[in-house]
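Please work from the sequences and hints to get the whole structure.
Chains A and B, in that order, are what the protein sequence lines are. Take the first sequence: its position 39, counting from 1, is numbered 39 in this note's numbering, and each next residue is one higher. Take the second sequence: its position 99, counting from 1, is numbered 1099 in this note's numbering, and each next residue is one higher.
If you're looking for bench data, these hints aren't it; they were derived computationally from the structure. C-beta: ideal position from N, C-alpha, C; glycine also. Be careful, since some hints might not be right.
Unchecked claim - Sample of chain B residues lacking proximity to chain A, with all beta carbon distances greater than 12 Å (derived):
hint, residue
1, Glu1015
2, Gly1016
3, Gln1060
4, Ser1085
Unchecked claim - DSS-like mimics (lysine-lysine), calculated; alpha carbons at most 27 Å apart, straight line:
hint, chain 1, residue 1, chain 2, residue 2
5, B, Lys1042, A, Lys57
6, A, Lys42, B, Lys1105
7, B, Lys1112, A, Lys57
8, B, Lys1042, A, Lys78
9, B, Lys1068, B, Lys1105
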Amino acid sequence: EPEVTQTPSHQVTQMGQEVILRCVPISNHLYFYWYRQILGQKVEFLVSFYNNEISEKSEIFDDQFSVERPDGSNFTLKIRSTKLEDSAMYFCASSSQSGNQPQHFGDGTRLSIL
Amino acid sequence: GESVGLHLPTLSVQEGDNSIINCAYSNSASDYFIWYKQESGKGPQFIIDIRSNMDKRQGQRVTVLLNKTVKHLSLQIAATQPGDSAVYFCAENIGGSQGNLIFGKGTKLSVKP
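Printed below as a string of structure tokens:
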């Protein structure tokens, strides 16, 4: 069964450094998403991406965040200058359509900011 | 405000019994709902979904019920097995949004052998 894969599984970074989280969505999906989950809290939407541009973003997704689809298979989330409060699990998801189709999630990247 | 919440944060059931996990949502504009299962160290795994023009949908051992009158969603798991132990999340999509899923807090299901 096709799945979303994310790398690395765990990333430790010094505060203020840039970090790039990588995702390979399911190959025939067209819609891509990033979510985060702070320990013990809800999964929170960050951004949705379609046709090489952002479709929707939350208040969390400020100027420090950016997304890119550099080639036909990868989808990345960059945090320019990490803060302690960016420590969380970051999940990538993809779907064949937006809105009324299930999003399929990867197993996440645990980001730890020191 | 817009929120998705769960009535019971933990649920403990005996193996073989049926489980019911509940979820309340507050946004009447939501038109699509999903249940996810999350095991330790893994991402949310899709279980079943339902659109707002339906009130019941069945899968393999799982049933989702939607009551739009009281804005309530439930997940029923038949003959619960130890492998069903996980945290279960409901999520809603507001009509017209670009896939911005709003997740509930989660219910931890523990299955006793």
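Beyond 12 Å from every Cβ of chain A: is that where the Cβ of B:Gly1016 lies? holds (28 Å)
Hint check: B:Lys1068 vs B:Lys1105, CA-CA at most 27 Å. Holds or violated? holds (20 Å)
Does A:Lys78 sit within 27 Å of B:Lys1042, going by the straight-line distance between their CA atoms? holds (22 Å)
A cut-off of 12 Å on Cβ-Cβ distance, and B:Gln1060 was said to be off the interface with chain A. Does that hold? holds (15 Å)
Interface exclusion of B:Ser1085 relative to chain A, criterion Cβ beyond 12 Å: holds (18 Å)
Far enough from chain A: is every CB of that chain over 12 Å from the CB of B:Glu1015? Non-interface label stands for B:Glu1015: nearest chain A Cβ at 26 Å, farther than 12 Å.
B:Lys1042 and A:Lys57: Cα distance at most 27 Å? holds (24 Å)
Check the hint pairing A:Lys42 with B:Lys1105 against an upper bound of 27 Å on the C-alpha distance. Judged against 27 Å, a Cα distance of about 5 Å means the pair holds.
Between the alpha carbons of B:Lys1112 and A:Lys57, is the straight-line distance 27 Å or under? violated (41 Å)
Violation of the numbered hints given earlier is confined to hint 7; every other hint is satisfied by the structure.
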